[in-house]
Amino acid sequence: MNKLNFLQPDKNNLNTYLYTGVILVALSIFLVFLNSFFEKDLISFLPGTLSFFLPLILGFIGLHLIRIEYSGLKFLDSVNKNINTNNFNAFLSLLIVFAVIKSLPPILSWFILDANIAGDSKDVCTGTGACWTYIKIWFNRFMYGMYPNAEQWRINLSFIALAFLGTIGFFATEKFKKYLTLYYVVVYPVIAFFFIFFFISGGPIFFDFSYGIIAAVISIIIGFFIPSKFKMYYFIIVPITLYILLKYVFFYEELIELGKLEALEWVETGAWGGLSLTFIVSFFCLIFCFPIGLFLSLGRRSDFPIIKYFSIGMIEFWRGVPLITVLFMSSVMFPMFLPEDMFIDKLVRVIIAISLFEAAYVAEVIRGGLQALPRGQYDAAKSLGMGYWKMHILVILPQALKLVIPGIANTFLALVKDTPLIFVVGLLEIVGMLNLAKTNPEWLGFAMEGYVFASVLFFIICYAMSKYSYNLEQKYKTER
Amino acid sequence: MSDKIIQITEMNKWFGDFQVLKNINLEVEKNKKIVVCGPSGSGKSTLIRCINRLEEHQQGSIVVDGNELTEDTKDIEKIRAEVGMVFQQFNLFPHLSILDNCTLAPIWVKKMPKKDAEDLAIQHLEKVQIADQANKYPGQLSGGQQQRCAIARALCMEPKIMLFDEPTSALDPEMIKEVLDAMVNLAKAGMTMIVVTHEMGFAKEVADEVIFMDEGMIVEKAETKEFFANPKSDRTKLFLSQIL
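Each protein sequence line maps, in turn, to chains G and P.
First residue of the first sequence: 1, per the numbering used here; consecutive thereafter.
First residue of the second sequence: 1, per the numbering used here; consecutive thereafter.
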């Protein structure tokens, strides 16, 4: 038998060290576990300080004893390599394990063991834990805001339909793959807009539609006789003019009757709210802020002084003011600049404001990517005869955007978490609804549950987004 | 029109206060191969970058294939499409495969159908002997292979003139030969070439004329044999004695 030296464990007496060490570590964890879960202190007979630190000391000695290099045991080696490389790391590992054990009981008891979910009034919440009844009762409001209960199927249906349309990319056959980008960038947002505008908002659908359809049909028929040289201008100008003429000059009286054929009850945007509003605002802001930011970042690097200084001005202005002021301005100041009879919905103004605000950040992130590209890429593209747009679309942006995926994801996550600020204009998305609910006299004192609930929802949304961005990064990774 | 494809007269260029090119006069005839050599910082690269207007000149005129290079942007892109360029740092597009690197400009600039562009690209990649790498990405290739791909990419635009900006300077010595071979083959096929290089062996083999530049001026311009056998200026003699 080899001599035992407890200060320097070695491989020769592997088992002795291993058993002693494991017993000590297990004992220390057991002590903390008992203390934490059953509030029993087996070592309370010791003086106060010692009994407090004893588990730590035991565990520390135990970890020291099992720190044997190349023991040949796979598990032991991996433990040593990962949490037990030296005395300091062993100490930190122990602390973390103890902290987790210590904090589990209160968390569990608050979330589950002492929590209440049964019943439908505040009276059932007698325990010390969370009162999930509160969330249960208010769940509808947290999801849909003040949207009328009877009409909530419209929101559900729209979101399910949009979610389904969003997954189309996975089913697309090879033939349609090349149109996917177009679909997601242009078609999908338009569909989403129509769903929200006509379905969630409701109201006199036929009213606007009929003018639009008549205008479109007439302009397409006339369009056949227009020389192709002017077609582009024609199709921009004529339908809009026709639409306005139809609406305000020709058929005003007649069609207003038709407009009363309301299929769905109109729900004003002020009544929208909860998580569905969070989704609507985030979705449109994300979609709008990206292209605006892209153009601003290109504009900032432009050679034309007007475009350049306009872009710099936009970026610096929007970055320089707090979002809450911007939102406030959008609801109070902005309408003053509009003509008397012109009305832009509150929600639309908010979406525009947030989009412009975040676009400034996106612009600077993209500019970072543009500057990271070597000048040779520009030279090569130019030497092949590409102009400004071809060079950027085919060569520069694909590389620059790939570089800035983490930065863009960062900005987008910040955007989603900025949406609660729209409460300043009276739109109550999920956090706004929470604030409203917690001040309800019948449900006072449950703010904590509400905020935890909202945090969990936001975490799920944001974590999904960050995972997605990470996947994108992996997908577009190429060797340089 | 004469068969002078490039005509540079009285050209001056400044970077800020610093004059990089002084009173350059140069004429290049069709199918001629010109080698430009000289110490670093002498303005060789700037000169050939001026020929497809990657740099703007401030005085004098540059006429390429009958078109004068001016501020008119539309013209510039048309001229650039006719002037191929190969860079010291290859400058392949790292996000595209070798084949896509070669077909990108023909498809989008020349509006060539995709199938034709791919056939053309394979044809040129075969000429530089990397057709088997067509589906790899630039990052997966060696320096020599990348540079040969860059040559193929420029050739896919079917240019009338090829400019080479120190094409072998960033390469390992072992890979220089494969790139020079590709360039020699190209020269033999009758391409008009302007090559900035320190490879005097290459100059002796293919060049019709050699230009020696120093401090932004053309110090000496002579037939290849004459240039190496019988250099006139002292500066050239010194340069040649050091480099050979």
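Careful: at least some of the hints might be erroneous.
[Unchecked claim] Derived contacts from chain G toward chain P, CB cut-off under 10 Å, selection only:
(1) V100
(2) K102
(3) S103
(4) A192
(5) E265
(6) G376
(7) A380
(8) K382
(9) G385
(10) M386
(11) H392
(12) I393
(13) V395
(14) P398
[Unchecked claim] PhoX-like cross-link-like pairs, simulated, lysine-lysine; straight-line CA separation at most 20 Å:
(15) K237/P with K221/P
(16) K111/P with K178/G
(17) K188/P with K160/P
(18) K475/G with K136/P
(19) K188/P with K111/P
(20) K122/G with K136/G
(21) K160/P with K30/P
(22) K390/G with K221/P
(23) K136/P with K175/G
(24) K111/P with K390/G
(25) K115/P with K178/G
(26) K114/P with K177/G
(27) K390/G with K188/P
(28) K175/G with K115/P
(29) K225/P with K402/G
(30) K114/P with K178/G
(31) K136/P with K477/G
(32) K78/P with K127/P
(33) K177/G with K221/P
(34) K477/G with K402/G
(35) K390/G with K78/P
[As the list claims (entries may be wrong)] Beta-carbon label-pair distances, calculated as ranges:
(36) D303/G with E158/P: 28 to 34 Å
(37) N23/P with Q371/G: 43 to 49 Å
(38) E158/P with Q371/G: 31 to 37 Å
(39) K111/P with E174/G: 22 to 28 Å
(40) W389/G with N31/P: 30 to 36 Å
Keep in mind that the hints were calculated from the coordinates and are not lab data.
Note that CB positions come from ideal geometry on N, CA and C, so glycine has one too.
Right, here's what the structure says about each hint:
With its C-beta approaching chain P no nearer than about 43 Å, V100/G sits outside the 10 Å limit, and its interface hint is violated. With 10 Å as the threshold, the beta carbon of K102/G stays out of range of chain P, its nearest partner Cβ sitting at about 50 Å, so the hint is violated. The criterion of a C-beta within 10 Å of any C-beta in chain P is not met by S103/G, whose closest approach is roughly 47 Å, and the hint is violated. Proximity of A192/G to chain P is violated relative to the hint, the smallest CB-CB distance being about 30 Å (cut-off 10 Å).
Checking E265/G against chain P by beta carbon gives a least distance of about 51 Å; that is not within 10 Å, so the hint is violated. Satisfaction of the interface hint for G376/G is found here, the shortest Cβ-Cβ separation to chain P being roughly 4 Å, below the 10 Å cut-off. Below 10 Å, beta-carbon pairs count as interface contacts, and A380/G has one with chain P at about 4 Å; its hint therefore holds. With 10 Å as the threshold, the beta carbon of K382/G comes within range of chain P, its nearest partner Cβ sitting at about 6 Å, so the hint holds.
Nearest Cβ of chain P to the Cβ of G385/G: about 3 Å, under the 10 Å cut. The hint holds. Of the supplied interface hints, the one on M386/G holds, with its beta-carbon coming within about 6 Å of a beta-carbon of chain P, less than 10 Å. The closest approach between the C-beta of H392/G and any C-beta of chain P is roughly 12 Å, which is over the 10 Å cut-off, so the hint fails. Hint on I393/G holds. Least Cβ distance to chain P is approximately 9 Å, under the 10 Å limit.
Below 10 Å, beta-carbon pairs count as interface contacts, and V395/G has one with chain P at about 6 Å; its hint therefore holds. A least Cβ separation of about 5 Å between P398/G and chain P falls short of the 10 Å threshold, and the interface hint therefore holds. Between K237/P and K221/P the alpha-carbon distance is near 13 Å, which keeps this suggested pair within the 20 Å criterion. For the proposed pair K111/P and K178/G, the alpha carbon gap of about 18 Å is at most 20 Å, so the pair holds.
In summary, the hint linking K188/P to K160/P is supported, as the alpha carbons are separated by about 14 Å, within the 20 Å threshold. For the suggested pair K475/G and K136/P, the alpha carbons sit about 16 Å apart, so the restraint of at most 20 Å is met. Restraint check for K188/P and K111/P: not satisfied, since their Cα atoms lie roughly 29 Å apart, outside the 20 Å limit. Distance check on the hinted pair: K122/G and K136/G sit about 11 Å apart at the alpha-carbon level, within 20 Å; holds.
Only pairs whose Cα atoms come within 20 Å are accepted, and K160/P paired with K30/P is accepted, the gap being roughly 9 Å. Pair hint K390/G plus K221/P does not hold up; C-alpha atoms about 39 Å apart against a cutoff of 20 Å. With a C-alpha separation of about 24 Å, the suggested pair K136/P and K175/G falls outside the 20 Å cut-off, and the hint is violated. Distance check on the hinted pair: K111/P and K390/G sit about 12 Å apart at the alpha-carbon level, within 20 Å; holds.
As the CA atoms of K115/P and K178/G are separated by approximately 17 Å, the hinted pair is consistent with the 20 Å bound. Distance hint between K114/P and K177/G is fulfilled; the C-alpha atoms sit about 17 Å from each other, no more than 20 Å. Under the criterion of a C-alpha separation no larger than 20 Å, the hint pairing K390/G with K188/P is inconsistent with the structure, at around 33 Å. Our distance criterion of 20 Å between C-alpha atoms is met by K175/G and K115/P, whose separation comes to about 17 Å.
Simply put, K225/P and K402/G have alpha-carbon atoms about 51 Å apart, too far for the 20 Å limit, and the pair is violated. For the suggested pair K114/P and K178/G, the alpha carbons sit about 14 Å apart, so the restraint of at most 20 Å is met. With a C-alpha separation of about 14 Å, the suggested pair K136/P and K477/G falls inside the 20 Å cut-off, and the hint holds. Pair hint K78/P plus K127/P does not hold up; C-alpha atoms about 25 Å apart against a cutoff of 20 Å.
At roughly 57 Å between alpha-carbon atoms, K177/G and K221/P are farther apart than 20 Å, so this suggested pair is violated. Distance restraint check for K477/G and K402/G: the Cα-Cα separation of roughly 8 Å lies within the 20 Å cut-off, and the hinted pair is therefore satisfied. The hinted pair formed by K390/G and K78/P meets the criterion: a straight-line CA distance of about 14 Å does not exceed 20 Å. Taking 28 to 34 Å as the suggested C-beta distance range, the pair D303/G and E158/P conforms, at roughly 30 Å.
At roughly 36 Å, the beta-carbon separation of N23/P and Q371/G lies outside the given 43 to 49 Å, and the hint is violated. At about 34 Å, the CB distance of E158/P to Q371/G agrees with the hint of 31 to 37 Å. For the hinted restraint 22 to 28 Å between K111/P and E174/G, the CB-CB distance of approximately 25 Å keeps it satisfied. For W389/G and N31/P, the hinted distance range of 30 to 36 Å is satisfied, since their beta carbons lie about 35 Å from each other.
When held up to the earlier numbered hints, the structure conflicts with 1, 2, 3, 4, 5, 11, 19, 22, 23, 27, 29, 32, 33 and 37 and fits the remainder.
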